[in-house]
Structures are given as structure tokens and as C-alpha cells.
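Student: Now for the letters of each chain:
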Amino acid sequence: MRSPKFLHLVAKEVRELSASRSFWLLLLFVGLLVGHGFITAVALYAEMSGSGGPAALPQGLNSLDGVIVPTWGAYDLAATLLFPFVAIRLISAEKESGALKLLLQLPGTMLSKLAAKGLVLLLAWLIAWLPGIAAIVLWRSYGGHVYGPETLNLLLGHLLRGLLSGALGVAAAALTDVAASAAILTLAFTVGTWALDFIAAGRGGFVQQLASYTPTAALRSFEQGLLRLNALLVIVLLSVAAFVLAAIWLQTGRTIRARLLATLLLVIVAAGAVWGAASLRRSWDLSENRRNSFSAQDEATLRQINQPLKITVFLSPEDPRLTDFEQNVLRRLRRTLGKLDVEYAASSRTGLFESGDDHYGEIWYELGGQKVVERSTIEEVVLDQIYQLAGLSTPERSADDGFPGYPLAVQPKRAAAIFYFVWPLLVIITWWLANKR
Amino acid sequence: MVLLNVEGLTKQFGARRVLSDVSFSVGSGEVLGLIGPNGAGKTTVLECLAGLLPSNLSLTNRKDVLFYMPDGILPWAQQTVSWVLTFFEKLYRRAPEKLAELVGPLRLEEVKRARLTTLSKGERKRVLLALALLTPHPLLLLDEPFDGLDLRQTRDVMALLKAESATGRTLLVSIHQLNDAARVCDRLILLNAGECVAEGTLAELQAQANLTDGGLEEIFLALT
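Chains A and B, in that order, are what the protein sequence lines are.
Throughout the first sequence, residue numbering follows my numbering, covering 19 to 455 in sequence.
Throughout the second sequence, residue numbering follows my numbering, covering 2 to 225 in sequence.
Read the hints as simulated data drawn from the structure, not as lab findings.
Small disclaimer: the values here were computed from a predicted structure and weren't measured.
Keep in mind that the hints are not guaranteed to be accurate.
Derived DSSO-like pairs: lysine-lysine, alpha-carbon spacing no greater than 27 angstroms straight-line [to be verified]: (1) B:LYS64 to A:LYS454; (2) A:LYS23 to B:LYS64; (3) A:LYS113 to B:LYS163; (4) A:LYS119 to B:LYS91; (5) B:LYS64 to A:LYS119; (6) B:LYS91 to A:LYS23; (7) A:LYS113 to A:LYS23; (8) B:LYS113 to A:LYS23; (9) B:LYS91 to A:LYS454; (10) A:LYS113 to B:LYS113.
Part of the chain A face toward chain B, derived, beta carbon under 7 angstroms [said to hold, decoys possible]: (11) LYS30; (12) ARG33; (13) ALA37; (14) ARG39; (15) SER115; (16) ALA117; (17) GLY271; (18) ARG272; (19) THR273; (20) PRO338.
We put the beta carbon where it would ideally sit given N, CA and C, even for glycine.
The following block holds chain B by itself, in its conformation from the complex (with noise of 0.2 angstroms):
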């Protein structure tokens, strides 16, 4: 079942045009990513789709079916990760179980009490996914959820994400990792210079790419 339906989706800053006609779907429960080279767009399609930027695209009951994540905030910093949580918890009126829940498979025990502002990178990006996974839209944008974590910490990610998905939640995720994103995503849009070029499963890619096996990343550059 399709949840989300973008049709040319076109964005302009000024007299730079940034993204061109843009066209894709995102069925169910799908884990879909975003993927493409620094400046492809990757984040403005999020930003679109969120409402934070302006646009051609008009979605109705927006604040109802999707949340987005941006990369890179550091929201209301002089608070305590517990307490950012519990806001988002008692806001959206989750149960204290799906708080508890994310709070071990992304390591967020040991920083409960610490503010914001004093986390390393990493652990900010787990309190973002945990705000993001408290909420109960069916569809979560997540910009670059990888992005300042370790090995081990994306593989429980990674894990947490399908388990989620795994529910009937669709999750749209922008990713500049491409092995990450061949790992995650189950199927895949290549963004390149605003536009798309081409969409579909890694087995679908392949064949667009006129390449018999190889992975993410020679089909990246075959296709860019």
C-alpha cells in the first residue's frame, strides 16, 4: 500500500534550482533511502516533505501521518536527556513501555541525566532517534540517522530500525554511507544533483547500472 506519493516535486533557493522534478513512492512499512552525493538534495526533499521548507508539493494531514528528524540540531540544550525524553513521551502520550523499550538498544542508561549540550556527537544522535521513534506518525523522515556513530552503535541501530519497520512503520531515511544504506534500506532513490536517476531495489539498481553484481558504490558511480 502506497503511503506517500511525491509528484514532481521541483525547489528553488533564489535562482538555484535544487531540486527538479522529483517523483517518487513509499509503500508500507518500507524502509526507503535517500542516497546521493553532498549537495544532491538529500535533505531538502526531508525538509519539502516536512513542510519546513516551502513548495510545490501539498500534503494533506501532514502533522498527522509523518515526523522528520533533521540531522545536525541540538534541541533545547540546556536539558536533561530524561527530561527532552519524557517531554516527548507525555506529548504525544506514549506508553512508558516504548520509551523504555528504545532507551537500551540505543544506550541512552548511562546519559539520562546529562544535558544535552554536554553529549558527544554520537549520543546526541541517539536521543534525536529516540525522539523520533517515540513519536507515532506511520511515517518517520530521518536525515542521516547514522551519522556520528560507531560500528557497533549502527549495527544496533540498524537492528532497531527493521524491528520498527518491521511493525508496519514506514521509515524514509537519507543516508550518505552507501554501505549502511545497502544494509538498511529496502529499496533505494539516487539523488544526484537535485534530480532523481534512478529508483528501485539493489538487485534493480544493478540492472540500471548495467552491472552484473557490485555493490552500492559502483552503482553510484556508474550511475552519477
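With the rest of the complex left out, here is chain A (with noise of 0.2 angstroms):
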């Protein structure tokens, strides 16, 4: 990978880069979201922060929900709709051009020129980020707290949702013979991972799992502070293995059966280690309010169970309640205990409909034989009927969570300046420099 003629590669993809106009309006209109992601945020958090508002509201404020992910959340949707075209612009340009035929006599293996492309995407996806950046500085610059580890976490999380949409973008390329063709498959793809999102929600089992990995889903946890493994590592096999599907399709002088051939191998090598991956339960919550776990109290008694615990939820997967029930038991719960199995039994969408013989409202908790009814969804109510069938009792809780809060009434100073003019000026006269020839 350093050897002299990878690194030519890889400045031929840089020059390529700078060519490509789609690389450009990428960093023009990114800078434009941010701002304005960024603009929104602080001075809603300012109102929040003042005083008139329910007086445990400025105590409950971080800065990662309040600023920095809903000014990031920028480049979810430049991955989504603009970062896959500067990923698709690299490789159907050669396809178009007919530079793909000496490209594949050039020396080096398809998957080292495909790496050089892969690294100069990196690359693109980072200087896309300046932006993100000087919005989290401008927030220090007023007084703003930014907690490391949270926010480190979720620019790990950006830059797999940017890896991920680079790969797609590349391994659509690659299978179609235009850009405007891979523009459609690209599309196809974000539109289904947004249905599966949606008709997963509330479901259990194969499906939700499933969706859990989408770039949305997953990128949601990264948001959340939440560091999971199987996330990570699913994330970067699927990337890799988008790559090695180009790698595939791009080799035009081996026949279509054979890069068919080649293909079910890779689909067969890469779901076992997706399969294996997506097993792996390790997860590191790094928010400062620990909002993925419970008290520390709570962890070690919950650890003590060693039998398999089920809940049967008997709720619609648009009811308020399952959501407030996922977001703060079963999602702690997964991380805590090892073996835990959820069902979801509600038989229809809004739970309107259910009728009282469906017992809709309903959680039932078995463990070791024995089987409770709740219809809580309170996080100690729920945690109190586990110790009761475990025959735990409940360990002594403070009412003070450790987490002070980050109220900040500011307004947004100089940020409108910065992204709506210096930002879009620097992009157009480096745009102008690095193609002056």
C-alpha cells in the first residue's frame, strides 16, 4: 500500500477528485447545512436554557443532543444525497471515459486501485467535515461544554455512515454501465433502508435486527453516545465488501458467470461474517449522562441473573409507550443482561384496533418458571419486577444521577458570517485554484 506506484494511484485519484464538480457543490452545500443545523440548534438551546420554561428543563440539557448532533445531522443526509454521487463520479467518469481500459492495465491489483479510491473518498469525507468542525469550535468559542468521548463516538459514527455511503456508491458504479444508473441504485438502496426502519419498528426478532444496521439506525446509536461493536464491525464489512464487488464487476475481461460465481462467493463469505459480527453483544456507553445504561447500582444486581429473561410487549409499534419502553428499558437491558429475549405480540400497526381479549397494554416478564404482568413502562417499576422474579432485592438508588446539565443562553455570533459566506467563498476559490491550469 505505500509502495511509489500506489501512492501514483492514489494522486491520480486526488487530481480526479479536484476535478470532480460534484466534490465541490458537496462542500458547498454541506457548509450551508451545517450552518443552518448549527444556527437552529444554539438558539433553540438558548430559549431552552433560559428562564421561563419547567425549571428541570436547563438541568437536563447536553450539548451533544441540543447542538452538536442536530448540527451534524448535516451529513446524514450529505451521505445519503450528495457524498454517493462524488463516490459514483470517480469511477463511471473512467467507465464513460474509457480510462477504465488502461486503468486495469495499469500495475497493482483491482483492489489496490479501488483502495486508492477508497482512501481519496476518505479524504473527501473528511475535508467535508471542516464545517462539523468549526461548528463544534464556534460552540466551544461561546462558552459551549463538548464532552470527548460522546462526541468523539458520534464523528466515529459519521465517518462509517460516510465509508459505508462511499462503498455503495462505488459498488453501484461499478455493477451499471452510467452515472445516472447508479444514481437510481444508490437511491434505491437509501429508500429501502428507510422502509425496512419503518416496517421493522416495534417488530423483534430477524427484522429489527436487520434494520439496526441500516446507516440511519446505526448512525442513531453513534448519536445516542452509545459505542456498539457489532454496529462497527458490520459497518466496515459491508463497506469492504461493497468494495470488493466493484473489484468484482469492474474486471470486464472475466465473464459474467464467472464475476456471477464470484459474487455468491462474496455474498456467502460476507453474510457469515456480518452474521458473526452482528453476534458480538460488546457496547460501550460514552455519554456523560450514561442514558444507555442504568445506575451502576442497578448493573451489578441486574448482573446476578443468569437465567434467560423473556418479555412479551403488548404494545403497537406507534404507541408512544413502546418507544419510551425501548428507548430507556430494553435498550439497557440488551447491554446488561446476557441473555434476554423480546417479543413483540401486538398484532397491529397503531394499536387502535387491539381488542381486550389481546391484552394490548400489557408486559409480560417470565423468568425461572415464573411469569409477572406489568403495564409500566416506568424505568424502576420495571427494574423492581425483574428483582422480584429473580428473587433480587432492590439495591439502594440516589436520587441524583451525577449529571449537572449544560444550560448555555447564547446566541449564535459570527456563525451566519462563517458558514453563509467565508465558507462558500473558500470553496469556490480553492475550487478555482486547484483547477487553474
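Build the complex from these two chains, which are given one at a time in their own frames, with help from the hints.
Tutor: The following block contains the structure:
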């Protein structure tokens, strides 16, 4: 990878990237989107931090949810709708111009040539982060609080999001003849993952597990300060598989049959690796307010339970109680308990037309042959039920969760000038200098 | 010495057979011309040899032995001529003198700073020829190397190719201009409808066509 020939290929890709209008448009638009997100988020944060609202609200405020995640949300949009076109252009331009016929004959394997493209795409994505980094720096300059581990975790999530998006763009461009078809394929994949997200909500089982690895769902856990080893590995594996798929289909000298067989082999190997990675349960709660964890006392008590716990939920996907239960209880239980089986038993999507016989609203807990029925989705109530079933006593709980909250009523000074004037000007000048030959 | 031996090359696109049992060999240091009417299969032969199209041919060390320069491509169109040439020079670790030797005869000096997309057809062709000649492979496959060149440029490029072959490099060129083919090639292969209908020097082809004299055009008409 550090051979001079590889470095020449990387240099070529950098030149091609700087000649690509899609890259410069990405930079231009991402700055505007980040700016809009940042200015809106800071103003809203100031409103919530000021007097007049519920007294407890400012104490619960944190910068990650209030400012950084909404600001960096621009990158989710960019990774979905802009960045794939930068990736597609790097492949399609060479296919359409005939340069691919030369590229295939140049020294090095197809994978090494795609690795050069991948590296440059990663570089492009990191350059596009400059407005996002500027927003964090600006927030710090206002006196805003930034907690390092959860912020870095969020950046890791966006890095993986970009990697997967770029890899899918490369694979789509390799599979199709022209850039327009590749764009349609990439957008179809994105819409498909959105549909999967919607269908899987509150369904449980394989579909829900599959949906937890869609780009949006995987990013969501990073946004909540949770680093899931399985999500990280699955995204990396899928990205690598997309690059290998591209390498298979760009080798025009192989028969379609040979390429289909290689694709089948890739699918089998990738599916096995993804299945293995998905079974890893290790995760780290990097949020400052420990939102993904129970209190240390509760976690210690729960870890004493060795028998499998089965939870049957009679709440429909669109019932807000299920959302509460997922966010505050199930997500944390999955991280803490080794053996947990959750069944979603509601038969309708909204719960409006469930009959009384369907036990709608109930949540059943089964442990060691015993079963209790509960309707509450409040964390303490649920934990007490589980402790009762397990024959454990409720641990002492502190009323103070140790999170001070970081209210800050400040206006987004200089932000509009930076994101709406300086950044676009900088992009245009750099584009002009890079392409002035 | 035989550098490349092609035996029974056959190629189909779906149900359409475009090459049928094409066989020939190329000797070291010779200029072998592939001639034939449009659709005869000249480009397909070259792309199969280069490994860009699947075929029944299996060549070992293809990447080390041969380099194919297609016709009608415009690679890295937004880059300058100078950069594209330097990219190949560095990638293949060629001495800077090699590039300097090519820039003069191919008249690239005046377009060195221009982007490829702004070049005329003839200028593009000369850049592609320079790229091909910058590669170190013993066998070069050139598709229509004189297409788009004017009379003077064609003569210059022919002289350059002859000089290249005199250094021991082998050239397999597909040409549809028969007069050009007769002037530059040591030996010729006449392809028609995907079949090799004749092979040899001009004199040998005349004999095969039962002509006592006459140029390649007469031979072509007699044999196809």
C-alpha cells in the first residue's frame, strides 16, 4: 500500500477528485446545511436554557443532543444525497471515458486501485467535515460544553456512515454502465433502508435486528453516545464487501458467469462475517449522562441474573409507550443482561383497534418459570418486577444521577457570516485555484 | 522469435459470433497489421488479447508482456497533457529522456499545458500514442494509431513506430487505412467477418490473391 506505484494511483485519484464538480458542490452545500443546523440548534438551546420554561429542563440539557447532533445531522443528509455522487463520479467517469481500459492494465490489482479510490473518498469526506468541526469550535468559543468521548463517538459514527455511503456508490457505479443508473441504484438502496426502518419498528426478531444495521439506525446509536462493536464491525464489513463487489464487476475480462460466481462467494463470506459480527454484544456507553446504562447499582444487581429473561410486549409500533420502553428500558437491558428474549406481540400497527382479549398494553416478564404482568414502562417499576422474579432485593438508588446539565443562553454570533459567506467563498476560491491550470 | 501465439481465438456476443477460430503469431520486433473492413473483428481481437473482454484465450503474464491502447477514448479528460504523460512516466518508472524523445515527434510541446478535453481528435490520438510508447511492455497493441492524424503527422508517427520496432519492440496494429498499413507493417493479417482470411507479407498476400502486382486495396477486394 505504501509502494510508489500505489502512491501514484492515490495522487491520480486526488487530481480526479479535485476536477470533480460533485465534490465541490458537496463542500458548498454541506457548509450551508451545517450552518443552518448549527444556528437553529444554538438558538433553540438558548431558548430552553433561559428562564420561563420548566425548572428541571435546563438541568437536563446537554450539548450533544442540543447542538452537536442536530448540527452534524447535515452529514447524514450529505452522506445520503450528496456523497454517493462523489463516489459514483470516481468510477463512472473512467468507465464512460474509456480510462477504465487503461486502468485495468496499469500495475497493481483491481483491489489496490479501488483502495486508492477509497482512500481519496475518505479524504473527501474528512474535508467535508471542516464546517462541522468549525461548528464545534464555535460552540466551545461561546462557552458551550463539549464532552470528548461522546463527541468523538459521534464523529466515528459519521465516519462509518460516509465510508458505507461511499462504498455503496462505488459498488453501484461498478455494477451499472452510466452514472445516472448508479445514482438510481444508490437512491433505491437508501429508500429501501428507510422502508426497512419503518417496517421493523417495534417488530422484534430478525427484521428488527437487520434494521438496526441500516445506516440511519446505526448512526442513531452513535448519536446517543453508544459505541456498539457489532454496528461498527458490520458497517466496516459491508463497506469492504461493497468495494470487493466493485472489484469483481470492474474486471471486464472475466465472463458474466465467473463474476456471478465470485459475487455469490462474496455474499456467502460477507453474510457469514456479518452474522458473526452481529452476534457480538460488547458495547460502550460513552455518553456523559450515561443515558444508555442503568445506574451502577442496578447494573451490578442485574448482572447477578443468570437465567434467561423473556419479555413479551403487547404494545404496537406506533404507541409512544413502546418508544419509551425501548429507549429507557429495553436498550439498557440488552446491554446488561446476557440472555434476554423480547417478543413484540401486538397484532396491529397503531394499537387503536386491538380488542381487550389481546392483552393490549400489557408487558409480561418470565424468568425461571415464573411470570408477572405489568403495564408500566417506567424504569424503576420494571426493574423492581425483574428483581422480584429473580428473588433479588432492590439496590439503594441515589436520587442524583451525577449529571449537572449544561444550560447556555447564547446567540450564534459570527456563525451566519462563517457558514453562509466565508465558507462558500473559501470553497469557490479553492476550486478555482485547484482547477486553474 | 515468436512473442505471442494466438490459437483458435473465438468470441461471441450473445448468439452473435464475432470471431471464429482466429490464429496467428507475432514475432519479436515486427510490426504486424490487422486489417479488414468495419465489423471484421479487429478491435475485438485486440481487446481479447488485452484481457478486457472475456475469451477462450489464456495468456500468462499478460500485464507484463503487452499493453493495449484503445481507439476513441478520452481518459482523465480534465487533466493536462503534461500531467497525464508524467503520470505514466512515473508509474512505469521511465527515464525522463523517454518522454522527451516522444514529445518532439508527436508535436506535444504546444499542447502540454492544455486539458485533454480541449484537444482536437488528432492531438488526443498523439497523446494516447505517447502514453502507449511510454509503457515498457515488449508488445504494444494499437487500435487505429493513424485515425485522426493528417498526412504529415501520419508520416511522423509511422517513422516513430518503425524506430520503436527497430529497438526490438513488437507492434500489433489495427488499421483500416490500407495504404497506411502497407507502408508501416512488416506482415499483415486480413480479417473478414471474424475470420482470418489471409496472413503474410504484401508479396505473400498478392500470391494468395493470385495477383502479380497491385496494392493492398486490390488484395483486400480480391480476398473479401
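Student: If a hint holds in the structure, say so; if it doesn't, say that too.
Tutor: Each hint tested on the structure:
Restraint check: the Cα-Cα separation between LYS64 (chain B) and LYS454 (chain A) comes to about 35 angstroms, which exceeds 27 angstroms; the hinted pair is violated. Taking the CA atoms of LYS23 (chain A) and LYS64 (chain B), the gap is near 15 angstroms; set against the 27 angstroms cutoff, the hint holds. A C-alpha spacing of about 32 angstroms is found between LYS113 (chain A) and LYS163 (chain B), which places the hinted pair above 27 angstroms, so the restraint is violated. For the hint pairing LYS119 (chain A) with LYS91 (chain B), the CA-to-CA distance comes to about 19 angstroms; that is within 27 angstroms, so the pair holds.
The straight-line distance between the Cα atoms of LYS64 (chain B) and LYS119 (chain A) is roughly 13 angstroms, inside the 27 angstroms bound, and the hint therefore holds. Taking the CA atoms of LYS91 (chain B) and LYS23 (chain A), the gap is about 8 angstroms. The hint holds against a cut of 27 angstroms. Restraint check for LYS113 (chain A) and LYS23 (chain A): satisfied, since their Cα atoms lie roughly 21 angstroms apart, inside the 27 angstroms limit. Annotation: proposed proximity of LYS113 (chain B) to LYS23 (chain A) holds, straight-line Cα distance about 23 angstroms (limit 27 angstroms).
Taking the CA atoms of LYS91 (chain B) and LYS454 (chain A), the gap is about 23 angstroms. The hint holds against a cut of 27 angstroms. Taking the CA atoms of LYS113 (chain A) and LYS113 (chain B), the gap is about 25 angstroms. The hint holds against a cut of 27 angstroms. Proximity of LYS30 (chain A) to chain B holds as hinted, the smallest CB-CB distance being about 6 angstroms (cut-off 7 angstroms). Hint status for ARG33 (chain A) relative to chain B: holds, with the closest Cβ pair at about 6 angstroms, below 7 angstroms.
Hint on ALA37 (chain A) holds. Least Cβ distance to chain B is approximately 4 angstroms, under the 7 angstroms limit. Interface restraint check for ARG39 (chain A): the shortest CB-CB distance to chain B comes to about 10 angstroms, outside 7 angstroms, so the restraint is violated. A least Cβ separation of about 5 angstroms between SER115 (chain A) and chain B falls short of the 7 angstroms threshold, and the interface hint therefore holds. Given hint, ALA117 (chain A) at the interface with chain B, holds; its Cβ is 3 angstroms from that chain's nearest Cβ, closer than 7 angstroms.
Nearest Cβ of chain B to the Cβ of GLY271 (chain A): about 4 angstroms, under the 7 angstroms cut. The hint holds. A distance limit of 7 angstroms between C-beta atoms decides the matter here; for ARG272 (chain A) the minimum to chain B is near 6 angstroms, and the interface restraint holds. The criterion of a C-beta within 7 angstroms of any C-beta in chain B is met by THR273 (chain A), whose closest approach is roughly 4 angstroms, and the hint holds. Hint status for PRO338 (chain A): violated, given a least beta-carbon distance of 53 angstroms to chain B, over 7 angstroms.
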